[in-house]
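Asks: Below, each chain spelled out in residue letters.
There are 2 protein chains.
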Amino acid sequence: MHGYPRAVPALRIALAQVNPTVGDLVGNAELIRQAVRTAVDGGAQLVVLPEMVLTGYPVEDLALRPSFQQASREAMTALAADLAADGAGEVTCLIGYLDHLADAADGPDDVGVPRGRPVNAAAVVRDGRVIARYVKHHLPNYGVFDEQRYFVPGGEPLLIDVAGRRVCVAVCEDLWQAGGPVQWAREGAADVLAVLNASPYERDKDDVRLALCQRRAQEAGATLVYCNLVGGQDELVFDGDSLVVAPDGTLLARAPQFASDVLLVDIGADHDADVGTPHTRLEPLAEVYGALVLGLRDYVSKNGFRSVILGLSGGIDSAVVAAISVDALGADRVHGVALPSAYSSEHSIADAHDLAARTGIHLRTVPIAPMVDAFMGSLELSGLAEENLQARVRGTTLMALSNAEGHLVLATGNKSELSVGYSTIYGDAVGGFAPIKDVPKTLVWELARWRNGAAAGEGSTPPIPESSIAKPPSAELRPGQMDTDSLPDYVELDRMLEQYVAGDHSADDLVASGFDRDLVERILRLTDLAEYKRRQYPPGTKISLRAFGRDRRLPITNRWRESSGRPDS
Amino acid sequence: MHGYPRAVPALRIALAQVNPTVGDLVGNAELIRQAVRTAVDGGAQLVVLPEMVLTGYPVEDLALRPSFQQASREAMTALAADLAADGAGEVTCLIGYLDHLADAADGPDDVGVPRGRPVNAAAVVRDGRVIARYVKHHLPNYGVFDEQRYFVPGGEPLLIDVAGRRVCVAVCEDLWQAGGPVQWAREGAADVLAVLNASPYERDKDDVRLALCQRRAQEAGATLVYCNLVGGQDELVFDGDSLVVAPDGTLLARAPQFASDVLLVDIGADHDADVGTPHTRLEPLAEVYGALVLGLRDYVSKNGFRSVILGLSGGIDSAVVAAISVDALGADRVHGVALPSAYSSEHSIADAHDLAARTGIHLRTVPIAPMVDAFMGSLELSGLAEENLQARVRGTTLMALSNAEGHLVLATGNKSELSVGYSTIYGDAVGGFAPIKDVPKTLVWELARWRNGAAAGEGSTPPIPESSIAKPPSAELRPGQMDTDSLPDYVELDRMLEQYVAGDHSADDLVASGFDRDLVERILRLTDLAEYKRRQYPPGTKISLRAFGRDRRLPITNRWRESSGRPDS
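Protein chains in written order, with the working numbering: chain A, 1 to 569; chain B, 1 to 569.
These are computed hints drawn from the structure, not numbers from a lab. For clarity, every value in this text was computed on a predicted model and none was experimentally measured. All residues carry an ideal CB built from backbone N, CA and C; glycine is no exception. Keep in mind that a hint or two might mislead.
Unchecked claim - The following label-pair restraints were derived from C-beta to C-beta distances:
hint : chain 1 : residue 1 : chain 2 : residue 2 : range
1    : B       : 332       : A       : 376       : 26 to 34 Å
2    : B       : 484       : A       : 347       : 49 to 57 Å
3    : B       : 484       : A       : 518       : 53 to 61 Å
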């Protein structure tokens, strides 16, 4: 039932999900060569690599730079020759890269699209050269994607023959939208639909992706080979999780999540089968945690840092960020700083020490009173100004240590705080990276419990002090301050924010779903007014359907209020 | 030669360039009513208003929110009724707004585009109701524009009859691209092509715009009526400068720049003529300065601030920002703070006092030594860490005063510094707005001289101390420090940055145009590595072809270097 005759021997395909770095053409080419060597050693005849793997993804406005377009094209030519020199000349490789079309004055290009513009392309490499090129047809321009800003769409199918099989090529969004390559695969009687992807991680997206691949395989009447990128790139994490689906929708093979891998699969023999180690999807909390670890690790390593530094308040947010940091980098590369003030409780300081003892990270203590007192002696401050001052003295201290010692500063704020502006700009918001900025507070607690449980399950020390998980959250910026003094219970807050931020629900919708109107109006107003703080907040790993950042683009100057801005009608 | 018979009496058209606020449907409707009243009092039969004037522009992701789409549509219905109640029912008004098309399940919409999506629309209002609707055809998705993210394009011409004339409607980008409304106007034998615009200010753009209008008027064979928005919206300033061009390309009338106005013009009488006050374009430096003043004024007022605060170093940048602030808000709403350190020179402090005396702004002095000493007593810092500490103590001081007194903090950095990262994140980079972030250092000096000259010309005190203009620039973060210690001469630097940042030229291009290769490599590398700082920098008024911000979207994690990242080939 798989659409090709049994007489033809099995075709061995490798899905090489690798972790490139944006702009590193030389390093990425080397990664690709290593993966192809592994695939060839495993007997692969066709190697599928991810979308724009040679340049990294997304390259954003680099795509518009002629020097980079040219360099990418030249790097692909060189890579093709190098692969042949490596002994992989007989293997067919599908490799994503940035290309460009020559000037419009030269007439239409060979792929039938206007010249003079960058394209998101897949090179077919064999015998030491690029024997064909496919140009992505459907360009996503929503959510985090701006591809209609960058690329000219392709309009031509590409079907190639590999060891007696007909292979149709597609790139990422081509699979998500109807028409184009899926239809071309069916019309061209393709045996294999090979899809090169750079599909960022979001919670629950894997289920959607698998279901999509199953449907499209059936529509195409072909075995669908879905190879996805791995790795962190600023706010995005690519989760790998490459898939192979039979024409009848059966899942044949699956690569791991959040790790590089070369997955081998035979198709068209007596039965299609994964010939490597089968992987199953991680459970939901392990998956989120894995995304956060990889996102941080890659931000640190790809930007050339060796270590991170963060303030440890004894609270849950900084404890979870410390645990993620240790899992990403190892304890010796993580530096905690306790920054107690007059309002810091004894247990907070004890919890910070407990965390350091459990994880093995470096810990030092810098009391902020001398600096706060110096400011208070020069300026007359009280109330919010005094609270913010403490946070800013902490931020300045962390930045000073970063400047002196070279660590990347981590901001430890969560998504709930960032939504309602419950943070101090240039204070606790300082940092080069904010690992949990897209994690709502309730999920921070869940991750803490999950991580501790995982440690207990494997007989190691749970990293996060139980008291950091159990105690009621407080910013400790004035005596006896509790988050619940000014915010609702986090379970209620997070449900409300999910509907407003990710769902674009109106105030009326929220009231209709059971929330108190006054509370809705207050929380939505706080969220709208905090836009200016979010604009200056560090980047952090996206895990939700809609993260703050390029996913959600709102004006700062904005008088629209869901509750009060509507006309009387 | 104007395409309509002389027998028909003249048509009086009003171009109402008003200054709305994003999201303020009620306030914007009131602005529109006032402008239409003025137009009617002036005898207008057709009133053309800007693109999306009812919602403000750009509304960004608000366009995707169903509650806002619905509210905009309802506000337009209410506005139409209110205009009739105001006695303007017989006048035809073209008013830009956000609309949406009903669900796809309901079948194709009346304008022939898929349902269920937002549209950038122009309502034709007469007799108390919306009698027709035009949907923008060409959607810009480059530079600062993301309209393919938001809007479904329209595909249908709209030609209406107004007092015996045939009027074809277009919206902004429809004019910049071939095909669509310009062609429809010719095919439909339109007498008038009415274009609703929200076209942001850029240096030298007015010339391009006028030439475009002249060409399109000739192509359409119609009088072109170009009405543009006025006002600041986050990083954008809309400059007004509405135009009327005859079918033969003659400029008939021009509204002022950077000010609201209702421009009246009669067409089709014995001769087309502006019946109001004619305006000529401002000279180049006055124009840039005007954009900066309006950008700051509107950010302050539309975000509900009453005053601004900024650090005064005695240098040229803070002096120019202070002068802009005074022109935008009046001296009494501007608060300067001298923040001297051990490394501040006597003349710096004297220059800050001189500036305050010249402009009449508030000035106070807060020496930073006590706070710096407190940090130095707790942390072992030297070199760059100590330099940055001083800047951060200043930033924290300004933020504390902002929190205590309610002023908006202004960052005073210029584009040259922001390019090469010659600023301290969370230090001099703190602020809610950065008025000169898109102004290269050499242009800062030109603006200072121009502003002083303009003052001298009108017999008032030049605001900027001559010594702030004349002295060599220094950050004064260590003894004897000069900008030229680590940067080339600003004339050379700015030329280089213009080619790299705005022109996307490669290192090879720069060397070919005469720059030293080592210098090119160092400056380009500094610019690339400063991306993380720019990401957290406050918004500021765009005046160039390519401002940092949404205009130039680059990854932080990026190993591409123009000079060294290319493969050997």
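Asks: The structure should be examined with respect to each hint, and the outcome stated for every one.
Replies: Checked hints:
| no. | hint | in the structure |
| --- | --- | --- |
| 1 | 332(B) to 376(A): 26 to 34 Å | 28 Å, holds |
| 2 | 484(B) to 347(A): 49 to 57 Å | 53 Å, holds |
| 3 | 484(B) to 518(A): 53 to 61 Å | 59 Å, holds |
In this structure, none of the earlier numbered hints is contradicted; all agree with it.
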